[in-house]
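Engineer: Sequence:
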Amino acid sequence: PEGTRSKTGKMGKFEPGAALIAMKAGVPMVPTGIIGTDRILRKGSFFSRIEIHFGQPVPTGPAENVEGKKTLEEIGLAVRSSLEKILNRIS
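Residue numbers are given in this note's numbering: position 81 of the sequence shown equals residue 81, and the series is strictly consecutive.
There could be a bad hint or two in this list.
[To be verified] Each computed DSBU-like pair below joins lysine-lysine, with the alpha-carbon atoms no more than 30 Å apart:
1. 85 with 13
2. 85 with 24
3. 13 with 24
4. 10 with 85
5. 10 with 24
Keep in mind the hints are simulated off the structure, nothing from the lab.
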């Protein structure tokens, strides 16, 4: 949901696009933590290991709620919370 990569490996500001797409499609969002991407393509790194962790699906609700900015923010907060739990569990 950040819409970009992180140079530090830390989570950035979430953008509403992924939640909006999920709501319009009528599908839940699955929080996915990808760990180690900050080490990929560094000078001298030939093979780097990344880890992918999945959280529980976050319901997005019916597409009729798309107008509600609060709903998008709530979904973003739920996904962020799930990702923070994943990161805390593995660190």
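Engineer: Going through the earlier hints one by one, which of them does the structure break, listed in rising order?
Structural biologist: none
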